[in-house]
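The primary structure of each chain is shown beneath.
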Amino acid sequence: MTEATGGIEMEEDTSGKVKKFLYVNRKAPYGTIYALESLEVVLIAAAFDQDVSLAFLDDGVYQVVKGQHTKGIDVKNFSPTYRALEGYDIEKLYVEKESMEARGLKESDFIVPMKIIGAQEMAGLMQSQDVVLSF
Amino acid sequence: MKFGILINEGPYTHQASDTAYLFAKAAIEKGHKIHRVFFYHDGVYNSSRLTEPPQDDRHIINRWQKLAKDHHIDLVVCVAAALRRGIKDENLQEGFRISGLGQLIESGIQSDRLVTFGD
Amino acid sequence: MLHTVNKSPTERNALDSCLKHLTKGAAVLLIEDGVYGALKGTSTTKTVEQALKSHPIYALYPDIEARGMQDRVIDGIKLVDYNGFVDLVAEHANVQAWL
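Protein chains in written order, with this note's numbering: chain U, 1377 to 1511; chain G, 302 to 420; chain H, 494 to 592.
Check the hints yourself; a few may be wrong.
Residues on chain G that point at chain U, a partial pick, calculated with CB under 10 Å [unchecked claim]: (1) Asn309; (2) Asp343; (3) Ile410; (4) Gln411.
It is worth saying that the hints were derived from the structure and are not from the lab. In this text the structure is predicted, and so the values were computed from the model without any measurement. Glycine residues also receive a C-beta, built at the ideal position from the N, C-alpha and C atoms.
Using the sequences plus the hints, can you model the full thing?
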């Protein structure tokens, strides 16, 4: 992790402080870089032992569908990385039901098991966070 | 109150950096502290020393530089995003520094509020 | 909780989605192109007026004025400047940007 964190200079002591971080993903992958660079933040965040959740709603649900093959567009397929998140103790992955259904997707279409929650529950999740990061 | 700021877009194309700057300026004037501005995604272009806007336009890069100097704000450019986009120490404006994404997370932990500006 | 929206509601669904995720005590601040969501007589006016019944909605006046929309703002939407923006962030426990 040392290399991945880019040599964090801990000017202030962050040890012991645990905040709730939510990463909100509302954009589809590949058309823009947001999905990939959001995932890069999440991987770094894992080193900080914070309480991390990931939310996928609106077009963000397209980030985590199975069957992505990117050879033809010559871009790295980063979707397998979502499978690796568990190894970083990032296990709270939420997909919004309404967004999923509006896009003709179902629970079995995702690359990893997702907690499917309704918009109201998603709103509660957002509200309960200390830091909400959207990209 | 201590604020952290995240900027996800480059200068001039998007309003994000302008809004963030005016927000930061107002916060400082009200007695708050901006302890760090983190530049991510195309936001890293806000640090390019090679930027030369027309004379009658605002200089977004130098404006950040001055605000940071006057009020001790840490201007951090994400190393991964910067390298991807050709921002390196040799074209980095003075007053900015290139560092890891950990600085963003740390900002989230240390600040009372983290405010995101992007597209 | 404070939600910021910077997209025109006729271009993207950020405002629409944001309004579906408001919890008790949440406020919305429209900035940049998001201020087009503060206007009367548009296809989204009704939705915004409905949300106004249960949640305060603010719009960043410098952005309204820059776009020449100062006479079109829905009654009940509160106009703030950058100082007001700072106050709103300080007053709410967290802030989410609907990018």
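Now the hints, each set against the structure:
Interface hint at G/Asn309: satisfied, since its Cβ lies 6 Å from the closest Cβ of chain U, which is below the 10 Å cut-off. Contact between G/Asp343 and chain U, as hinted, is supported at the beta carbon level, the nearest pair being about 8 Å apart and thus within 10 Å. Given the 10 Å rule on beta carbons, the hint for G/Ile410 holds: about 5 Å separates it from the nearest Cβ of chain U. With 10 Å as the threshold, the beta carbon of G/Gln411 comes within range of chain U, its nearest partner Cβ sitting at about 5 Å, so the hint holds.
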